[in-house]
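Visitor: Given next are the chains, with one letter for each unit.
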Amino acid sequence: MSSPSASRLSMYRDMVRARYFEQRVYDLFMEGIVKGTTHLGLGQEAVAAGFVAAMRSDDLTFCTYRGHNHTLLRGAPMAALLGEMAGRDLGICGGKGGSMHLTDVTKGAMGSYAIVGAHLPIAAGAAWAALLRGTGQVAVCFFGDGTTNIGAFHEALNLAAVWKLPVVFVCENNLYMEYTPISTVIPVEHPAADRASAYGLESLLVDGNDVDAVRTLATEVIERARRGEGPSLVEAKTYRHKGHSRADPGKYRPQEEVDAWLAYDPVKIYRARLTADGVGIDTIEAIEREAAAEVDGATEQVRNAPPPDPGTLLTDVWADGGSAWRN
Amino acid sequence: MSSPSASRLSMYRDMVRARYFEQRVYDLFMEGIVKGTTHLGLGQEAVAAGFVAAMRSDDLTFCTYRGHNHTLLRGAPMAALLGEMAGRDLGICGGKGGSMHLTDVTKGAMGSYAIVGAHLPIAAGAAWAALLRGTGQVAVCFFGDGTTNIGAFHEALNLAAVWKLPVVFVCENNLYMEYTPISTVIPVEHPAADRASAYGLESLLVDGNDVDAVRTLATEVIERARRGEGPSLVEAKTYRHKGHSRADPGKYRPQEEVDAWLAYDPVKIYRARLTADGVGIDTIEAIEREAAAEVDGATEQVRNAPPPDPGTLLTDVWADGGSAWRN
Amino acid sequence: MAELTYRAAVARGIAQEMERDPSVVFIGEDVAAAGGVFKTTEGLLERFGPDRVRDTPISEQAITGALMGAAMNGLRPIGELMFSDFLAVCWDIVANQIAKTRYMTGGQVALPLVIRTANGGGTRFGGQHSQSLESWAMAVPGLKVVAPSTPRDVVGLLAAAVRDPDPVVFFEHKKLFATKQDVPDGEIVDRLGIATVVAPGSDVTIAALAAMVPVALEAAGRLSESGVSAEVIDLRSLVPLDTRTLLESVTRTGRLVTVEENPRLCGWGAEIASIVAEEALWDLDGPIVRVTTPHIPLPAAAEMEDLAIPSADRVVDAVLRIT
Amino acid sequence: MAELTYRAAVARGIAQEMERDPSVVFIGEDVAAAGGVFKTTEGLLERFGPDRVRDTPISEQAITGALMGAAMNGLRPIGELMFSDFLAVCWDIVANQIAKTRYMTGGQVALPLVIRTANGGGTRFGGQHSQSLESWAMAVPGLKVVAPSTPRDVVGLLAAAVRDPDPVVFFEHKKLFATKQDVPDGEIVDRLGIATVVAPGSDVTIAALAAMVPVALEAAGRLSESGVSAEVIDLRSLVPLDTRTLLESVTRTGRLVTVEENPRLCGWGAEIASIVAEEALWDLDGPIVRVTTPHIPLPAAAEMEDLAIPSADRVVDAVLRIT
Ligand SMILES: Cc1ncc(C[n+]2csc(CCOP(=O)(O)OP(=O)(O)O)c2C)c(N)n1
Ligand SMILES: Cc1ncc(C[n+]2csc(CCOP(=O)(O)OP(=O)(O)O)c2C)c(N)n1
Ligand SMILES: [Mg+2]
Ligand SMILES: [Mg+2]
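Chains as they are written, first to last, in my numbering: chain A, 1 to 327; chain B, 1001 to 1327; chain C, 2001 to 2323; chain D, 3001 to 3323.
In case anyone wonders, no lab produced these hints; they're calculated from the structure.
Zero decoy hints are in this set.
What follows is a set of in silico ranges between Cβ atoms, one per label pair, in the way DEER data are often shown:
1. C:Gln-2181 with D:Ala-3178: 58 to 64 angstroms
2. B:Ser-1057 with A:Ala-260: 51 to 57 angstroms
3. A:Gln-23 with D:Ala-3002: 40 to 46 angstroms
Glycine included, each C-beta is placed from N, C-alpha and C at the ideal position.
Make a model of the complete structure from these sequences and hints.
Guide: This is the structure we're talking about:
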């Protein structure tokens, strides 16, 4: 794992794209172009990047409102994601979803869910269909530490375990719910890992800021699921660089804690590691330049995009394309 | 614990009263006097009897639709319970609740709940109030093995543990949900005990058909809660002699299993143990006669009782006694 | 043609669709090995095997979530909630996820799934096992809502629900399980959103659903003895709602009485009344009367429950008040 | 008298009641140390301490269940659900347990508790964080339902809710948090079930709730320029419902328009329309018109959301259609 490889560069590219993209989302939110709310995954990119690198293109991801990274890295077009957050016509959901509901079914990005816990049973269901249909797909479901306290978490884990479903549950433990430290609302140290045994599962902890480590574990659990050996519950320890959402400055977090984690930035450490492993600075900078250009291009597209056609207000409630509830 | 004592006789009396009472409930259901449904705890009496024996009179119990025993043993009048099941005017809830909703607040029997799992957070809430108000009360919450798979279980256990609430959760593992063996829908062996660690709690298993053992453990966990040392989750292994509800013959259960458990009847084994410990057969038979007479008396009362006054249909939605939603 | 109970019609409807389409699967609590607590799904496990007919844990969020996920990934799942009251324990999945996902994804996600559930009172089960909750589902954009009143309709509407590309909540009425009817052999498939005029009449329109249809018919019979000609409409589905049949009838009769089993406030009867009061006001020859269960939880005692749920007597009274 | 925001009025109302009654306690997600995600509960932890003001895990069933259990055992708890959409994840506790328990126990159990929650759209949060769900609660017997439209009413109605011996769901509208008003100093306590005529008029009655009240007022202002005199009623609570004020107004004006933020089907407007169509039909001089959000999930994009939620323009149009 220590020698540079195409896939390691690809993970670096993914993390940089996610990083630059979300930095821009933040700026555009402050500018009023991105509307409503945003929940940035800045600082948590290695989890999405490591898992996506381990997935097959027909595998399925389910994520939360904090799902920009995951959706982008599965392959959704950047402008369409940004456009959705800005409520423009070119938005990936036509402006109907907003920042908390990014979805690109063509890429297996099966939705971002804004109600804590809801997508865990849904991911289990998609895995169940994969199993019955024999597609060999694995569903990967991302969520936060706070989510381990809600009922749907428990029901989904139990069902997935007893039906041996090909689903991997990934808890991104960033130490906080919104503003409340997870340690104050849970009686165990590791919100996910300490609960795996309740479902007959192995306790799995990984450094969520180390993309190589994430990919290694991801490959193992995804392939295990694909072989029919059932679900896994992974806890990836990480940290968000920004506040919970919107302009939240995150003042409820001790400065030393923030500083320590900013120093342990997954992008920064991976850049250093790749360099140490012999990747030339040119290669790295080219990746960074490309990502910056992609973000600039997407931004331009979105700035120039019109709002959604008012006629679409009443489309897509039903499969017939419309919203009529009466004849 | 092996020498006969007043409290052991009292537990025997409780079990016999519960046994005779529910046998009568079954007969009256078949006769059409008891209406709607019934969920009998026949065979599970030792759990209720052992816990009730360990409780203070101002402690609170929360139970399920299968809660005739618990409510009776807390001290609710037998005729009022039977009357409730028969939908008579003397019913403990005036006929409004029915067999699944027996409640006697004056005895600390804080309700029977018919939606699986709902009463676990409610019991936690009552314990929270006890803690804040400094009453020294403990809440004891009974439920089944199947209940350990529903979301409310998980949320309640977590909250109780993190807030160190004086509540004891008692899982009566009778091996079946309604008709489905619990082992087919759960990936661990002990539905409750194997999950205690997910909430930082000790794994506690007890023979639910041994009333002495139940009382010993109950005393320990209740007093622990009362001392401010937080909640416990107890799994009591037991078996129901009848089907899940109403006239269910329970055909989904292997005959050898049923036979083995019928032989390990908590009432029968306790009778034998007391006798072996030197309790005279007269004492035991007197208890049994008294219980039979109590059941007969309650039955007569209920047979002669009128249905509820039609006027009560519209009372008690609100604290003002009525049901008006408009002026 | 053979006599079929409403109960047996459920299994027949499911079997008809599972036979036809291998992507149809069925899950729920005690539905497979035991054939369902209401014996509505007997024989399905034996016929279609444990991959396609499966018992679940007591986890309604997991059940409905699994339906949704499976529908997103190529199946057409049917799930059972043993009692409609349990919609409340998975209401987020039903009302916030299943209902909204097609719209919120800009039409990317299709959710062809059916949630079947035993609904309604009259069985002395008490307030948490007796509710009539069709109006809860009707109030949520993105859900179709079906409630058959006859064995034949159970088969035809269930088939329509399974084939529908959108999520359907299918309410089976507990009080009707034992009712019987001659039902044609062979495949039966209806369309959703077509109400039936089950008794023609000219003086008043009575709109009813599920177990209230026989109540309305009984009332119409009695009314005809008093010289009042009542037209009874079985709505069959609330979403889509057949307002055409309804408005045509009301404009002809000039009077409307709705018969709802649910408690009073915000029921489907209110919706229909408001449609008529907006679109056919000048055709009315009398006030619109809603007969409902009072706005109370349902009591368990037999006499009280019977008093609470609309009876033919109360429907007759309501009609006579406005004719 | 000092200017107060709707947002700050929440904390003032809670503080007023906690000061008065030591059995009042308050819990929710991020409500204590952080003062709430909408900053509606700032300062309460500092003032009343961590026993009485407490952060919870993300466990809405545990939160609402804890409220219920605590109310059964001597407290008068207030709980926050961060967004009203989350009622769906604890709907069983709210609708099946809290609402029904007094009745089902024959009056043995009192549940003096308040569930506060941020409701409504206009903030571009998308379909799962923008719903107006007052009608869900109204449809459940046993729940009182309050939705203030002004800072003063937040204080007065919240106090009434806390003192009420029955469970109250208290909907605070997100769009109104920043609005301001001069509010008298000292204790404010209202009674539930009293609507307010916020603009008198004679040609049409406009019934509105929460954020739709300013919309209705704006419409009334514009209508008066066209010579139409509109009476605007702020319902303030849906249960109890002040039908007296409403019927008095409608019988006088002869026309009714309801303005609901919720999607169309089975909203409170339908209930009111059905009451008027039954009890005041002969007083009507025009059809009853309901202005609602279409029956769709709420979209996120600003232009679409604004199009979906009733605007003063749409209210004016509705009124002009019937006058
Ligand atoms: C059922 C529910 N309750 C509360 C919320 C509000 N909420 C949104 S995000 C969040 C914190 C979630 O914490 P965590 O699971 O750790 O995820 P993170 O935001 O840290 O990624 C909360 C409480 C919600 N969306 N859904
Ligand atoms: C939420 C919910 N789902 C399903 C049911 C139907 N139901 C009633 S009892 C029961 C089985 C419960 O099993 P368990 O917890 O083991 O308790 P037991 O009946 O064995 O005492 C089920 C599924 C219910 N009442 N509530
Ligand atoms: Mg977190
Ligand atoms: Mg059991």
